[in-house]
Amino acid sequence: MAQKLVQHQLSGNATKKDVEVTRYLAGIMSISKKLLKNPSALGGLKEKLDEVQRRLTHFELDDPSIIQNFADCYSEIISPLGQKIQVIGNPALLKQTSVQHKVRALLLSGVRAAVLWRQMGGKRRDFIFNRKTVLQDVISFNQELTSN
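According to full-length UniProt numbering, the stretch in the sequence shown is residues 1 to 148, in order.
What the hints contain is simulated information worked out from the structure, not anything from laboratory work. Where hints are given, some of them may not hold.
Computed spacing ranges between beta-carbons, pair by pair [unchecked claim]:
(1) Ile-139 / Val-19: 38 to 48 Å
(2) Leu-116 / Val-21: 14 to 24 Å
(3) Pro-91 / Val-21: 16 to 26 Å
(4) Pro-80 / Thr-133: 28 to 38 Å
(5) Val-21 / Lys-132: 15 to 25 Å
(6) Val-99 / Lys-123: 14 to 24 Å
(7) Asn-90 / Val-19: 11 to 21 Å
(8) Val-21 / Met-120: 14 to 24 Å
For glycine and all other residues, C-beta sits at the position ideal for the given N, C-alpha and C.
Using the sequences provided together with the hints, build the complete structure.
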């Protein structure tokens, strides 16, 4: 499903693109760049993630307390680094603490993906100038997944 979303976003048809996804991507890429330039934030994140790793010996990955720990990592370490990412959705759902934790945990995973992207040489401008190459890579990856 994520591969399909990326394909949809990178396709040439501008009328079908989801502006919110693009905004989330831009925010996550910006925060990941700030994180990589901040050694104290990286150290703090490593410590918090080490704590989560220790807790995973007793709890499953989808346990609410683990999700809350990931959300806390995002809230305490990542969020202060840059402009807040405004999540759009049903206000009644977004007011629920468990939903807030899941959203923050997912934002943390997005930042992690962006850091990996940067570590592999990816740049924010690649989504603009090298869109076709990124799209081809996504399509190839998707084909490999479905053939296995």
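Next item on the list: Evaluate the given range 16 to 26 Å for the C-beta pair formed by Pro-91 and Val-21.
Entry: holds (20 Å)
Check: Can the suggested window of 14 to 24 Å be confirmed for the beta-carbon pair Val-99 and Lys-123?
Finding: Violated - the Cβ-Cβ distance for Val-99 and Lys-123, about 32 Å, lies outside 14 to 24 Å.
Check: Taking the beta carbons of Asn-90 and Val-19, is their distance inside 11 to 21 Å?
Finding: holds (18 Å)
Next item on the list: Determine whether the Cβ-Cβ distance between Val-21 and Lys-132 falls within the hinted range of 15 to 25 Å.
Entry: Since the Cβ atoms of Val-21 and Lys-132 sit about 18 Å apart, the hinted range of 15 to 25 Å holds.
Next item on the list: Starting from the hint 28 to 38 Å, judge whether the C-beta atoms of Pro-80 and Thr-133 obey it.
Entry: Check passed, 34 Å falls within 28 to 38 Å.
Next item on the list: May I ask you to test the hint 38 to 48 Å on the CB atoms belonging to Ile-139 and Val-19?
Entry: Given about 23 Å between the Cβ atoms, the range is violated.
Check: Per the hint of 14 to 24 Å, is the separation of the Cβ atoms of Val-21 and Met-120 within bounds?
Finding: With a Cβ separation near 21 Å, Val-21 and Met-120 satisfy 14 to 24 Å, so the hint holds.
Check: Lying within 14 to 24 Å: is that true of the beta-carbon distance Leu-116 to Val-21?
Finding: Since the Cβ atoms of Leu-116 and Val-21 sit about 19 Å apart, the hinted range of 14 to 24 Å holds.
Taken one by one, the earlier hints fail for this structure at numbers 1 and 6, listed in ascending order.
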